[in-house]
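First to last, the protein sequences are chains A and B.
Heads up, the first sequence is in our numbering, so the first residue is 1 and it goes up one at a time.
Heads up, the second sequence is in our numbering, so the first residue is 85 and it goes up one at a time.
If you are wondering where the hints come from, they were derived from the structure by calculation, not from laboratory data.
Do not rely on the hints blindly, as some may be mistaken.
As the list claims (entries may be wrong) - Simulated pairs of lysine to aspartate or glutamate, DMTMM-like, Cα-Cα distance not exceeding 20 Å:
1. B:Lys400 with A:Glu66
2. B:Lys136 with B:Asp90
3. B:Lys404 with A:Glu65
4. B:Lys299 with A:Glu39
5. B:Lys210 with B:Asp90
6. B:Lys299 with A:Glu65
7. B:Lys268 with A:Glu9
8. B:Lys299 with A:Glu9
9. B:Lys299 with A:Asp50
10. B:Lys268 with A:Glu39
All figures in this text were calculated on a predicted structure; none of them were measured in a lab.
Residues per chain are reported as follows:
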Amino acid sequence: MDMIRRLSELRQGERAVVIDVGGDMRDRLQDMGLIEGTEVACVQISPLGDPSAYLIRGAVIALREEDSCLVKCSAEDQEKGVMV
Amino acid sequence: MNNDSDRIIALAGNPNSGKSTVFNAVTGLRQHTGNWAGKTVSVVRGRRTYNKKDYTFVDLPGCYSLSSHSAEEAAAREFICSGSADTVIVVCDATCLERSLNLALQIIESAERVIVCVNLMDEAHKKGITINLATLSDRLGVPVVGTSARSKKGLSQLLDLLEQPEQVTAKRSEHIDSASSFIKTAERISKECVTVTNDGYKNSDIRADRIITGKRTAFPIMLLTLFGVFWLTITGANYPSELIAGGLFWIEDRLLDFFIWVNCPAIVYEVLVLGVYRVLAWVVSVMLPPMAIFFPLFTLLEDIGFLPRVAFNLDKCFKKCSACGKQALTMCMGFGCNAAGIIGCRIINSPRERLIAIITNNFVPCNGRFAPPHQKQQSYLPELTKAKQMPSLS
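The following block holds chain B by itself, in its conformation from the complex:
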């Protein structure tokens, strides 16, 4: 996919620092980005030509350090230390710079050429956090650029920095190779560069968390939300489902008329129209509308941070079953599509808990297996009602 002449740019960073958003914004390749840790497991590549130079961007798995305690960290470490990348861009989370700096310092230590990209500047600004990028660049000894990848701010500066071949000054004297010294250096640097006007963890955040994870309020809120999402999905999906079914089956009749008109042998048109086309039409009209409603709702809940709190609330129940609270998320995802739910299981750290989540996800009925829209459809095809259960695609 990439030519030898391309310059290889690796993107590294903490989980959830917006690394994949930076990657998407730079390469234009649509890759799913989400709100919880561990989205990128295998290495994703994308290309970009900027000012007549070709770059291959590599999106490394998110990690907190290079100490290879997990498969993701080992993969990132291997890529960075092998020197396969011409430049490593370390994506830092401006709202929580200190933790990001720990990784940045480790990468500066082991990679040839590093650019630090402080992402989520808009988010930090909202939280009253100001970062002195010039001081940060001076202390780290590498170029630093501030970005807000979601609104595409600062990305051209980032690309401009890639062009300048040797602007990197090796001022890496003081860092020593020990985990706690990286953390201490990160602490010192972040104290010098970050000014917080109000506490990072804001009052309104706390109040919302109090309610969402409160003793009395947590469970009613979760049940109501789950009920609300299902009600919207099932009720909402019926109308487009009817429309699509009506349209597609009208086309079926026309197709049938056409085949009869051209004197096509019955065996051919029965296979094509009554077999292939009808099943396809059925599946599309039953599955498409609920998915088109469920997944955006799910994404919304994920974006506002509701789902991680659900995992937090329910972890004890899942722990009783030797599973992980994050399984609540993959199970909810399973209501949309089991395939997506199983892929989402990568967010679970412990291999055993992950395996449990993968195996049991199958027992969550995906919306292709929801009863109500399904029964509705049967009224359109009375002759098929004997086949009670349609094969589910998910």
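Chain A on its own, in the form it takes in the complex:
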């Protein structure tokens, strides 16, 4: 089941595979290893709802919604989840 969602729509504990990275943050995110095919997991959402922290290639990185909504990804492995 390949459903395309925005990274910002991921709930805590969900993981997904990146399909496309857009926006001004594209280059910066790419430098941190967020490219097509990268697996990301949403590990924590800030108490006020924004930003959220994502586990990307072994590092936890916080992204604001305005940036993470420009990252498209396919939801998968929802049951498996990360161990959160």
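Dock chain B against the given chain A, drawing on the hints supplied.
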């Protein structure tokens, strides 16, 4: 500072990979190292003589790639690509090798001679991460050494590697010049070299994060911590403050006695003792104790990773003011000293948010402007109480 005969060794690496710790450990030069990204903005140099050879070490700003998206990356790129360095040491974070390898591969591509230094091995070991350094060296085609710079492990091996002139084998066939291919190569190599016995992001870490950044617990914890730090600083500082003030003002009286005894003209000793000395004594006794308590506490919070989480919790509030969550850190720093707080603003990436943080830092009262220890001091100098506000040095 450096002689022409020195060999120039550049240190490059991701922010927070312990690059500055390696630099300090190798050169012995004390340079402030911290727990968040962007400590090194200008290039710092230090010298070291090892086995009768002189080396100049250059600590480049931390960056994630050489693609020069930021000023730090541009500076690092320029230095590496210009060939000013005889050897580039790429400091990698063992706990997150894959990301570090992206930069390492790019540097191997553009520099003459590269040594990869996998730092934070102790930290990785704690997290159950094992790295096969021999395989890594083979795949990268450059010498690799594992270090734990904080406990100074592996540093002599690193220095030994610098001595061997041409051990570098050029086995750099497959890397292609494109950002995503570097990342993919890094992914492949790290899969071959890294074995993780438990997940890199550990259960206990997650549980702690759950509480520190939890919906209900985050704000009470932050407020309590802030309150605790201030209470300790203000209450704790009063006692040493009194002692220092008592001591320094006792010396003032003795100085005064001495000047009168040698028949010094009043205009001279009033300027020197009642002017220069008294102000100095006042400032030292008011400012030194709170700083000596506040900054170690602040460093502790920084080291255990509490402050980055505060930034994470508060980012939304700061965003409403067009500022950045990291400003919470620079403002806290401002409570200690505004100068330090403003220098810390370099951790903020966006130029506009950085400017806001710099300008507004002034409105955070530094501990020289805290009221309680200040009022305490006035009881020692009743004649000066009219001058309600002492000039703050910070």
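These are the hints, each one checked on the structure:
1. B:Lys400 with A:Glu66: Given that 20 Å is the threshold and the Cα spacing comes to 11 Å, the pair holds.
2. B:Lys136 with B:Asp90: holds, 11 Å
3. B:Lys404 with A:Glu65: holds, 13 Å
4. B:Lys299 with A:Glu39: The hint is violated at about 26 Å.
5. B:Lys210 with B:Asp90: Between lysine 210 of chain B and aspartate 90 of chain B the Cα gap is close to 38 Å, so the pair fails against 20 Å, i.e. violated.
6. B:Lys299 with A:Glu65: holds, 17 Å
7. B:Lys268 with A:Glu9: Given pair lysine 268 of chain B, glutamate 9 of chain A is violated - Cα atoms ~26 Å apart, limit 20 Å.
8. B:Lys299 with A:Glu9: holds, 18 Å
9. B:Lys299 with A:Asp50: Distance ~11 Å between lysine 299 of chain B and aspartate 50 of chain A Cα, so the pair holds.
10. B:Lys268 with A:Glu39: holds, 13 Å
The structure is inconsistent with the numbered hints 4, 5, 7, although it conforms to all the rest.
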